[in-house]
Amino acid sequence: MPESIISQMSIIEIKNLTKSYRVYQKQEGMMASIRGLFRREYREVHAVRDISLNVEPGEFVAFLGPNGAGKTTTLKLLSGVINPDSGACQVMGYVPWERENEYRRRFALVMGQKNQLWWDLPAAESFRLNQHIYAVPVVDFNRTRDELCDMLDVTHLLGQPVRELSLGERMKMELIAALLHSPDVLFLDEPTIGLDVVAQHKIQQFLKAYQEDRKSTIVLTSHYMKDIQALCQRVIIIAQGAIYHDGSLDEIVDRFSGDKIVTLQIGGPDEAFEGLRALPNVIEVEPPRIKFRVGRDDVAKTLSDILSTHAVEDIVVEDPPLEEVIAKVFTDAQDAKSLGEFGTSAAEAR
Amino acid sequence: MLKAHDAKQIPQKSTGLPHEAGIAEQVMRKPSYLNVFLTFAKNSMIRDMSFRMNFILQCISSLSWAAMNYGLFKIIYQFSDSIGRRTGWGESEFFIFLGTIWIINSLIQTFFMANATEFSEMIRTGNLDFALLKPIDTQFLISFPRVNWAQLANAFLGLAVIIFYENELLHDPDKQMNFTIWSVPAFIFFVLCGTVVMYSVMITLAATSIWMGRNQNLHNFWFYITNFYRYPMEIYERGIGWALWGTFTFVIPILVVSNVPARVLAQPMGGHWGIWDWTLASISVVAAAGSLVASRWVFRMALKSYRSASS
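Chains A and B, in that order, give the protein sequences.
Residue numbers for the first sequence follow the working numbering, so the first one is 1 and each next one is one higher.
Residue numbers for the second sequence follow the working numbering, so the first one is 1001 and each next one is one higher.
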């Protein structure tokens, strides 16, 4: 069976994973709160529904999706923090939610929204604590710590209490704390959230270098296209708790964007240029340049029409910006859901 | 189809990683619980020291609470020689009891109070996630991270009070004390039993936050329960008190765990241990072991229901 051979190789295997939450629905106002003491209405939130995927060793995969899509829940399931309702999952052969120590010694989870360092102490103390918890030999610990601090350029901050670090510096420390035991699998939940462009770039560079060096398997969630463009060969779009697309970034653009953006530079008299202003979907006119959007299939025809009537000096045809494409994908996914493609989302329960 | 692999075979499974040879060794490493605890203790100390004034004020406030407590009972003993007739709880005996209570309270407040509260808070905020990721016993990890060193002041005060009054008793010709080389280790052992019971009650209560979403009753509960366990059990032996006596001796044996260590040193009924003393001592040991096992069970059940919080 070729299927089982493939699954033998995968470092992460997820099969029909499903997780729902029951959320207390509180109505606004005092009376409603009092009613809520006696009779509560709950809503079923399907955070993850029937997700199946495999990740191979050494892959750098991105989970992409709007807020509340189920990315973080998936990472929490993978790290064994919560139990699923149904489905199976193995990471390096372990079932995450059994929380075996052997498994927990071999992966790490970093959450950009949360802090796991001791707030009032220098990061070095938290590192030391992790050394003892993960039982890392002193020599290995010192070497790894120095290497990582060097790569992220934070050696001089080791003695400073974490609460006095900037967000970017703290995030770097969080990463180091998570990597001290040299995990084989790394889960990153929005590691660059709230960081400035420079810090974001630094962390991207670090992750890229680290992954190339260690060949570790990394699953990342992020809202920043830049992160994903810079790091991940494979992008899994999750929307409404289900996988909407799985492939490379280029494939996403091909699949979800029907348009191209064309920029022309026109030579000759200004009158000739005027005719072009009437084109549909003009984005920007800045004589002698004009930028407009055109359907993928119409590019050739539109261009040959213009070329036959105008003196065109330069042509650029490009894909629309990735952010725009992704926004469209998210909206499409939302629409698909409301059409019932994903099944119903809310069920009343008591 | 996925099938359950035997986890033990995994280290040999090829993952294509460069440091493959190291995996088996990495997987087998066991953390030293002592080292982890010492790091917790050290980190807490560094933290306390960096907020110096806070530390000093905490010491002063808990010491003055103890001093007032002492003063109150000193006043009461101006009106009476003993609690009840023929109970044996004279002034010296009672202050040994009080010192014992201070030590147990102080141990709980030093090592567990802040942690149990924090655990409750971790559940609400979802920070328990991080504790669950670590390759170490989760109950251990959430029970010990913060050591509130300032609260230890009362334990020393309790010790001083005990030494002073034990000395009084030993030099009192009317008393027949039976103080041997075993008295001190026995006292320490039963104090620890008491601490374990109180810890278990506390951590069990904190774990219920997983089902309740929020549990801010810990401090209240601690106040209520310590109100009952900080007196010699004989004071309940009258009228409606018997109900409390029964409940806190056999159901939730908090009276036993405070009374047994105190009786080892105070010996209100003389130095000879009767069948009742042995019964109480046995209840104390069984309660410590039983409550610890029960707390672990509740803790595990609670973790199964943990649902984390929003990202």
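Derived from the structure by calculation, the hints contain no laboratory data.
Just so it is clear, CB atoms sit at the ideal spot from N, CA and C, and this is done for glycine as well.
One should not assume that every hint holds.
[To be verified] Some chain A residues well away from chain B (every beta-carbon gap over 12 Å; in silico):
no.: 1; residue: Thr73
no.: 2; residue: Leu77
no.: 3; residue: Glu100
no.: 4; residue: Asn101
no.: 5; residue: Arg104
no.: 6; residue: Leu121
no.: 7; residue: Glu125
no.: 8; residue: Ser126
no.: 9; residue: Tyr134
no.: 10; residue: Ser166
no.: 11; residue: Glu271
no.: 12; residue: Ala278
no.: 13; residue: Ile315
no.: 14; residue: Thr331
no.: 15; residue: Ala336
[As the list claims (entries may be wrong)] No farther apart than 27 Å at their CA atoms in a straight line, the calculated lysine-lysine pairs in the DSSO-like style are these:
no.: 16; chain 1: A; residue 1: Lys260; chain 2: A; residue 2: Lys208
no.: 17; chain 1: A; residue 1: Lys15; chain 2: B; residue 2: Lys1042
no.: 18; chain 1: A; residue 1: Lys328; chain 2: A; residue 2: Lys291
no.: 19; chain 1: A; residue 1: Lys26; chain 2: B; residue 2: Lys1030
no.: 20; chain 1: B; residue 1: Lys1042; chain 2: A; residue 2: Lys114
no.: 21; chain 1: A; residue 1: Lys114; chain 2: B; residue 2: Lys1175
no.: 22; chain 1: B; residue 1: Lys1304; chain 2: A; residue 2: Lys215
no.: 23; chain 1: A; residue 1: Lys114; chain 2: A; residue 2: Lys260
no.: 24; chain 1: A; residue 1: Lys226; chain 2: A; residue 2: Lys328
no.: 25; chain 1: A; residue 1: Lys202; chain 2: A; residue 2: Lys114
We went through each hint and held it up to the structure:
no.: 1; hint: Thr73; in the structure: violated (8 Å)
no.: 2; hint: Leu77; in the structure: violated (10 Å)
no.: 3; hint: Glu100; in the structure: violated (6 Å)
no.: 4; hint: Asn101; in the structure: violated (4 Å)
no.: 5; hint: Arg104; in the structure: violated (4 Å)
no.: 6; hint: Leu121; in the structure: violated (6 Å)
no.: 7; hint: Glu125; in the structure: violated (5 Å)
no.: 8; hint: Ser126; in the structure: violated (8 Å)
no.: 9; hint: Tyr134; in the structure: violated (6 Å)
no.: 10; hint: Ser166; in the structure: holds (20 Å)
no.: 11; hint: Glu271; in the structure: holds (57 Å)
no.: 12; hint: Ala278; in the structure: holds (48 Å)
no.: 13; hint: Ile315; in the structure: holds (45 Å)
no.: 14; hint: Thr331; in the structure: holds (22 Å)
no.: 15; hint: Ala336; in the structure: holds (24 Å)
no.: 16; hint: A/Lys260 / A/Lys208; in the structure: violated (30 Å)
no.: 17; hint: A/Lys15 / B/Lys1042; in the structure: violated (45 Å)
no.: 18; hint: A/Lys328 / A/Lys291; in the structure: holds (20 Å)
no.: 19; hint: A/Lys26 / B/Lys1030; in the structure: violated (46 Å)
no.: 20; hint: B/Lys1042 / A/Lys114; in the structure: holds (24 Å)
no.: 21; hint: A/Lys114 / B/Lys1175; in the structure: violated (62 Å)
no.: 22; hint: B/Lys1304 / A/Lys215; in the structure: violated (34 Å)
no.: 23; hint: A/Lys114 / A/Lys260; in the structure: violated (40 Å)
no.: 24; hint: A/Lys226 / A/Lys328; in the structure: holds (17 Å)
no.: 25; hint: A/Lys202 / A/Lys114; in the structure: holds (20 Å)
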